[in-house]
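Engineer: Heads up: the sequence lines are chains F and X, in that order.
Heads up: the first sequence begins at 1 in my numbering, then just goes up one per residue.
Heads up: the second sequence begins at 1 in my numbering, then just goes up one per residue.
Please keep in mind that the hints were generated in silico from the structure rather than gathered at the bench.
This structure is a prediction, so every number in the text was calculated from the model and none was measured.
Mixed in with the good hints there might be a few duds.
[Unchecked claim] The calculated DSS-like cross-link candidates involving lysine-lysine, where the alpha carbons are at most 25 Å apart (straight line), are: (1) F:Lys76 / F:Lys109; (2) F:Lys309 / X:Lys144; (3) X:Lys68 / F:Lys28; (4) X:Lys221 / F:Lys240; (5) F:Lys109 / F:Lys208.
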Amino acid sequence: MCGIAGLIHRGNTSNVGFELQGMLQALKHRGEDSTGYALYGKTDGENFIMRFKVGENVAEGSSSVKEDVSVYDERKKIVDSYLSELGAKVIKEDRILPYSLRYEIQYDKDLMEFSQKIESVEGVEILSMGKSLEVIKDLGNAEVVCNRYNLDKVVGTHAIGHARMATESGVDIKSAHPFWGYPFSDVSVVHNGQLTNYWNNRRVLENKGMRFMSECDSELIAVYLAEKMRNGATLEEGMKESLVGLDGVFTYFVATKDSLGMAKDTMAAKPLVLFESDDLVAMGSEEIAIRSILPQEIETYDPFDGEVKVWQI
Amino acid sequence: MANLKTSEKKSKAQSMGLHTEVLTGKTQQKFFNPDEAENFYYFGTYDVDFNKRTEIDVKNMDCREANKKIDELMKDGYGTIVIKNPQGKHSLGVGILNKLNLIFEGSLGYFGCGSMDGPIVRINGRVGWSCAENMMAGKVVIEKNAGSCFGAAIRGGDLICKGSVGARTGIDQKGGTIIIGGDAGAFTGFMMQRGRIIILGDVGINLGDSMYDGTIFVGGKIGSFGSDAVEAELTDSDQDWLKRKLKVAEIGENFDVSKMTKVVAGKKLWNYDALEPTEKKGAI
Chain F
1 MCGIAGLIHR
11 GNTSNVGFEL
21 QGMLQALKHR
31 GEDSTGYALY
41 GKTDGENFIM
51 RFKVGENVAE
61 GSSSVKEDVS
71 VYDERKKIVD
81 SYLSELGAKV
91 IKEDRILPYS
101 LRYEIQYDKD
111 LMEFSQKIES
121 VEGVEILSMG
131 KSLEVIKDLG
141 NAEVVCNRYN
151 LDKVVGTHAI
161 GHARMATESG
171 VDIKSAHPFW
181 GYPFSDVSVV
191 HNGQLTNYWN
201 NRRVLENKGM
211 RFMSECDSEL
221 IAVYLAEKMR
231 NGATLEEGMK
241 ESLVGLDGVF
251 TYFVATKDSL
261 GMAKDTMAAK
271 PLVLFESDDL
281 VAMGSEEIAI
291 RSILPQEIET
301 YDPFDGEVKV
311 WQI
Chain X
1 MANLKTSEKK
11 SKAQSMGLHT
21 EVLTGKTQQK
31 FFNPDEAENF
41 YYFGTYDVDF
51 NKRTEIDVKN
61 MDCREANKKI
71 DELMKDGYGT
81 IVIKNPQGKH
91 SLGVGILNKL
101 NLIFEGSLGY
111 FGCGSMDGPI
121 VRINGRVGWS
131 CAENMMAGKV
141 VIEKNAGSCF
151 GAAIRGGDLI
161 CKGSVGARTG
171 IDQKGGTIII
181 GGDAGAFTGF
191 MMQRGRIIIL
201 GDVGINLGDS
211 MYDGTIFVGG
221 KIGSFGSDAV
231 EAELTDSDQD
241 WLKRKLKVAE
251 IGENFDVSKM
261 TKVVAGKKLW
271 NYDALEPTEK
281 KGAI
């Protein structure tokens with residue numbers, strides 16, 4: 001059991017970091033192993049923001065092996081040299097935690113080549129790459145992660161997040177959601193459910209040159225959609241195809257720079273409650289997530305089986 | 001006490017070879033003797049007065065505190081209780097085994113009004129998954145929409161949603177009536193065993209999948225029939241019952257019931273044998 005939440009302000013910006021924190025914290029009983037945020041912030045849209053990790057959180061409950069901080073430092077040095085080789089210019093650099101970094105980068109070439117080079121460094125994973133998107137994920141519940149990364153003041157248009165109870169892979173950052181839709185800028189995915197044809201799909205996609213960083217079945221959705229979009233499908237078309245191509249039970253959200261979408265499997269086996277108005281769409285695994293930002297009486301509903309919806313900012 | 005050993009009237013099930021075991025033993029004697037009913041103490045039941053009304057605000061309570069408060073109020077004789085600010089909290093109004101007028105001014109989360117036996121509940125909002133699960137008797141009216149597994153495994157009573165409901169409505173239903181004013185999702189009536197479901201709107205795929213018994217009436221379009229669900233003739237008595245039920249349910253009173261589709265179990269998947277347990281043992 002995991003919990004997912006998402007919101008999009010249409011024609012406006014808001015304190016999406018704080019709002020999503022409230023929504024995910026309301027769902028913490030669905031899983032506190034890790035929490036992740038994909039925040040679409042208000043940026044100048046010029047530079048890429050790269051969120052990446054050079055190691056794992058090895059706190060109590062983590063399934064990762066402890067490493068010395070000097071190992072992280074060494075990996076960071078290699079990443080810096082690779083960035084230089086790729087012709088990427090680092091405009092701003094923040095080391096938020098010993099293992100978690102945020103770079104603002106000037107770069108105008110192929111993102112796949114870029115990502116492959118950076119992630120060739122052992123233990124390094126790009127959590128997100130985008131001109132608006134920032135994926136922040138770590139162990140602990142929503143409040144813990146929000147405080148650790150100072151997310152409550154992030155202003156933006158939309159956001160999706162995930163409260164995870166680890167069932168099919170480790171308690172670590174690499175298995176935590178959201179997943180970046182590598183190699184597409186600003187695409188992220190969160191998922192609640194289980195995919196039963198994960199390995200079949202993974203083998204096919206890996207043969208097509210797509211990359212998997214974890215053994216978490218949910219990562220497949222991001223890679224699956226990214227591959228569809230790489231072949232020219234729109235986000236909505238890719239999501240509709242996923243209802244047939246992905247087997248299992250799922251409700252997932254996907255976000256791009258200017259849109260937010262949801263898809264529900266054909267058996268409607270995973271919950272989702274949705275609130276929709278002219279200027280705000282908010283959705284979550286349970287109504288209490290929506291109530292954390294809209295305490296007044298509101299009209300909500302459960303989308304039906306096999307439903308796909310996409311909203312623009 | 002009903003003498004099960006000497007009962008001569010056979011039900012259809014018995015004539016098919018089912019339930020032929022004579023029910024005996026301490027448990028049967030203890031629980032099926034109506035003469036001794038007055039000696040039983042029913043936990044959580046109180047004498048309440050419907051005219052004695054009160055309100056509670058559960059905004060800052062968790063579900064345990066709120067349910068405990070409802071219990072205390074019933075204990076004090078309150079027969080009409082209004083709950084303010086439920087705000088989508090889970091498991092509110094569960095396990096009420098009493099006559100009671102319970103009104104929620106807002107929406108409930110998961111498992112609202114589950115395992116109850118007797119109260120009349122009105123929810124002026126929506127409900128999440130598994131509303132009124134295992135209800136034995138009473139009436140629940142939801143003014144807006146409902147989530148999936150609406151009325152799962154109910155044994156009796158009337159469960160009414162004026163809006164639309166999610167998937168698997170009436171899953172494992174064993175009695176009672178579920179009435180939906182809007183549309184219903186996939187697998188409605190999945191594995192239902194008894195009771196009736198009425199849907200005035202459209203219904204999703206796999207309607208009545210693997211249903212053992214019971215009846216489903218649909219006013220709108222049907223996505224697809226589930227395994228072993230078949231259409232049956234809508235009789236005059238069905239229509240009379242539907243009209244009466246819709247009127248009582250304050251929903252679709254003027255609905256043209258003559259155009260509804262009646263769905264029942266095809267019974268092709270029934271796979272019972274006629275062997276007694278002792279015979280079966282021998283056969284194995």
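Engineer: Checking against the hints above, which ones are violated?
Structural biologist: Of the numbered hints given earlier, the structure breaks none, since each of them holds.
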